[in-house]
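Colleague: Sequence lines, in order, name chains C and F. Position 322, counted from 1, in the first sequence is what the numbering used here calls 322; the numbers after and before it change by one each time, with no gaps. Position 74, counted from 1, in the second sequence is what the numbering used here calls 74; the numbers after and before it change by one each time, with no gaps.
Calculated from the structure, these hints are not laboratory results. Just so it is clear, the structure is predicted and the values come from calculations on it, not from any experiment. The beta carbon of each residue, even a glycine, is placed where N, CA and C say it ideally should be. Possibly wrong hints are sitting among the right ones.
Claimed, not checked - Listed next, with one range per pair, are the computed distances between beta-carbon atoms:
| hint | chain 1 | residue 1 | chain 2 | residue 2 | range |
| --- | --- | --- | --- | --- | --- |
| 1 | F | Val-239 | C | Gly-180 | 21 to 31 Å |
| 2 | C | Leu-196 | F | Gln-295 | 54 to 64 Å |
| 3 | F | Val-31 | C | Asp-76 | 34 to 44 Å |
| 4 | C | Gly-205 | F | Thr-83 | 17 to 27 Å |
| 5 | C | Glu-277 | F | Pro-278 | 49 to 59 Å |
| 6 | F | Pro-289 | C | Ala-79 | 28 to 38 Å |
Said to hold, decoys possible - Below, computed lysine to aspartate or glutamate pairings styled on DMTMM-like, alpha-carbon distance capped at 25 Å:
| hint | chain 1 | residue 1 | chain 2 | residue 2 |
| --- | --- | --- | --- | --- |
| 7 | F | Lys-212 | F | Glu-234 |
| 8 | C | Lys-35 | C | Asp-76 |
| 9 | F | Lys-154 | C | Asp-52 |
| 10 | C | Lys-212 | C | Glu-243 |
| 11 | C | Lys-154 | F | Glu-134 |
| 12 | F | Lys-154 | C | Asp-91 |
| 13 | F | Lys-192 | C | Glu-263 |
| 14 | F | Lys-154 | F | Asp-307 |
| 15 | F | Lys-35 | F | Glu-105 |
| 16 | C | Lys-192 | F | Glu-105 |
| 17 | F | Lys-202 | F | Glu-234 |
| 18 | F | Lys-212 | F | Glu-243 |
| 19 | C | Lys-154 | F | Glu-263 |
| 20 | C | Lys-207 | C | Glu-220 |
| 21 | C | Lys-285 | C | Glu-220 |
| 22 | C | Lys-154 | C | Asp-307 |
| 23 | C | Lys-282 | C | Glu-263 |
| 24 | F | Lys-192 | F | Glu-240 |
| 25 | F | Lys-192 | F | Asp-294 |
| 26 | C | Lys-35 | C | Glu-60 |
| 27 | F | Lys-215 | F | Glu-240 |
| 28 | C | Lys-282 | C | Glu-220 |
| 29 | C | Lys-154 | F | Asp-44 |
| 30 | F | Lys-154 | C | Glu-232 |
This is what each chain is made of:
Number of protein chains: 2
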Amino acid sequence: MSTRAGVDLGGTKIQTVIIDDQHAVSAQVRVPTPKQGGPQGVADAIVGTIRDACAQAGVEPSALDGIGVGSPGTIDDAAGTVTQAFNVSPDWEGSFPLAGAIGAELGCATVRLGNDVTVGTDAEFQLGAGREFESLLGVFWGTGVGSGIILRGKPWSGRGAAGEFGHMVVKLGGATCTCGRIGCIEAYAGRKSMELHAQALKQRGRKTALFKIMKQRGRENLSSGVWARALEHEDELAVELIERAMNALAAGIASAVNLLDVEAVVIGGGLGTRLGEPYVAKIRKRMVPHLFVDQHPPAVRVAALGDLGGAIGAALQVPSGGAVTPGLASAVSPG
Amino acid sequence: MSTRAGVDLGGTKIQTVIIDDQHAVSAQVRVPTPKQGGPQGVADAIVGTIRDACAQAGVEPSALDGIGVGSPGTIDDAAGTVTQAFNVSPDWEGSFPLAGAIGAELGCATVRLGNDVTVGTDAEFQLGAGREFESLLGVFWGTGVGSGIILRGKPWSGRGAAGEFGHMVVKLGGATCTCGRIGCIEAYAGRKSMELHAQALKQRGRKTALFKIMKQRGRENLSSGVWARALEHEDELAVELIERAMNALAAGIASAVNLLDVEAVVIGGGLGTRLGEPYVAKIRKRMVPHLFVDQHPPAVRVAALGDLGGAIGAALQVPSGGAVTPGLASAVSPG
C-alpha cells in the first residue's frame, strides 16, 4: 500500500492530508500558520501536522512514500528551497531549505516542493473538475488571485513564473493593487484588496456589517466565511464589492481564454470554493460579452476538491510507489 | 532544388513569395486584394500572383513542392476551406474551398492553409527575431491586433481560436472596439479603431494632418505609412493616439507575460514593422510597470522578416522536398 503526505502551506493555515494509491484521503489535519518563529517555525508546524496525520492514518512518517508541499514564494524543487514566501511569514526573506528540514525530522527521503496554485491546478486536472480536459486554467480566488495552467495535459510554468493571472491588467488607470501596480485583477478581486477597500469605504461613512461579522466570528480579517455571511444578509457594501470582483474576474478569465482558448476554467481558492456555483455561474455569464469566440465558451466549473485540493495536489507530486526522482536526492538531507 | 510558394492573404494586399530549401526568397509579388468577385475573385488573384512569382523565379507552378496560404477567418486545413474571412472580402460569409481552387488551377497537389498570424509567428520563430527562443508571443500590430503563440517550440492554437490577444480587456468600461466589445487592446491599438477615433476627434474640431497626408498619398485609409509620416511631422493628434495605442499594447503584453511567462515577444504587423525599434523600445519600457516579475522581463523585439514574414511563414507550412502530409490529400481537388 502506497501512502503519501501532502501539505498545502498558506498564509492563514497549513492543511495536511495523507492519501493512498487510489488518491483517497485517509487523514487530514489543519493548523493555523505560526506567526512567530520564521521559516523554521513553519517547518516545525508542518512536521507536527504530518505526525498527527500519520497517527490518524496509522502509518509511520518514515514509512511514507514521500511528502509533497505546495507553497507560495519562489520554489526550487531541485535545491529543496523556498525563497521569499512573505505570504507565509513576514521573516521569510531569504532561501530556506524546507525539503531538508522536513525530511530530516521525519526520516523521509522524498520531499517534493511545488508552487501552491500549480499543484492545486494539477489536483483538479488529475482528480477534480478538470479531469476530462487536456487544457485548463485554474483560478484560485482567495487572499490573492493566482492561477495554474495545463496545456496538452502538462503544467505550463513558462520560465518559472507563469500563472500570475491576478496581475493581468483589466483596468488601465484603475485601482491600486496590494502589489503596488495599477488595475490588476487582484486589485478588484483579491480578498486582501477587497478588505482594504471595504475599510476605506467604511471610514468614509458607508454602512456595512462586514467588520461586525468578523468580530462575532473572532476573526482578524475578512475571511471567505465572513464575506459569505455578509452576502447572505444582503449587506449592500459586501454585495457591491463582490460584484466588482466578479466583473474583474470575468473580464480577466475572458482575456486569458481569448489568448489561450483553453477547454476549461476551474475556479477554486477560499472565496471561489466558499461562494461556489451560484457565484461561479455569474462569472461564467459575465465572461461571455468579453469572449471573442462567444458561441464556443470554455467550461467554467467550481473546483471539485474544495479546501483539500492544494494538499492533495501537493501529495500527487510524489510518485506513487515511492520511486525517487533522480534530481530530488539533493533536496533531502539524510536524517 | 525544393521550391515552395507562400501567400499572405490580407484585407489590403496579397503578398506572395517563392522560397528555396534554404528559405531564401527568390521572387516576390504584391497586389491589392480585389474588392469585387468574392472569394473566387480572391482565389483568382492569388493564382495570378503565384504565376507571376513563378515566372520571376523561373519555375513552373506545377513543379512547386507546394503552396502555403496564411489567411484570416476560420481555417480548416484538412478540409481545405476558409470560412468567414470578412476582413478579406465582405462577401466571404460561408465556407470556400480555397486550397482546391488554387491547387486545381495551378496543377499543384499540395496546398496548405493556416491562420495568418500563426504562420507569421512561426516564421519569426524559425527564421526571424524569435530564433533563439522556445516560447514566444508574436504580436501583429496592424488594422487589427493579432497574435501567435509558441510554447515548448510548438505553435499553441488551443481549440483553434487561440491568439486573440487584441481582444484581451485592458480597460473595463473603456473604449468600444471595432468588434463591438468594450475595452479590448484593439479598441486602442488597432489601426481601424485609431482611424475611427481620429475621424471623430477631427469632427469635434481637433486639428490633424493625418487625413491630408492620406489624400496626398492617394490612400483611402490611414495606412501605417500615413501614421509614420504624421509622427515624423509631430502631428499632435497622431502622437496622442499612437501613445494611447502603445500604452494599451504595453499593458496587454505585460498581462500575457504575467500569465504565460514566455521568453520573448516579437512585435510585427503593418504598424509594428513600419514604426520599428524606436516605438518597440517605448512599448518594452512601458510594459515593465505592469510586469509581476519585473526584474526578469522577456526579450521584446521587432519582427525581423518585416512585410514578408507572413508569406514566408505561409510557405513554411509546406514540407521541404514536397512530401504530402496524409491528411492534406483531401484538401486538394485534382486538376
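Colleague: Going back to the hint list, which numbers does this structure go against?
Modeller: 2, 3, 4, 9, 12, 13, 16, 21, 25, 26, 28, 29, 30
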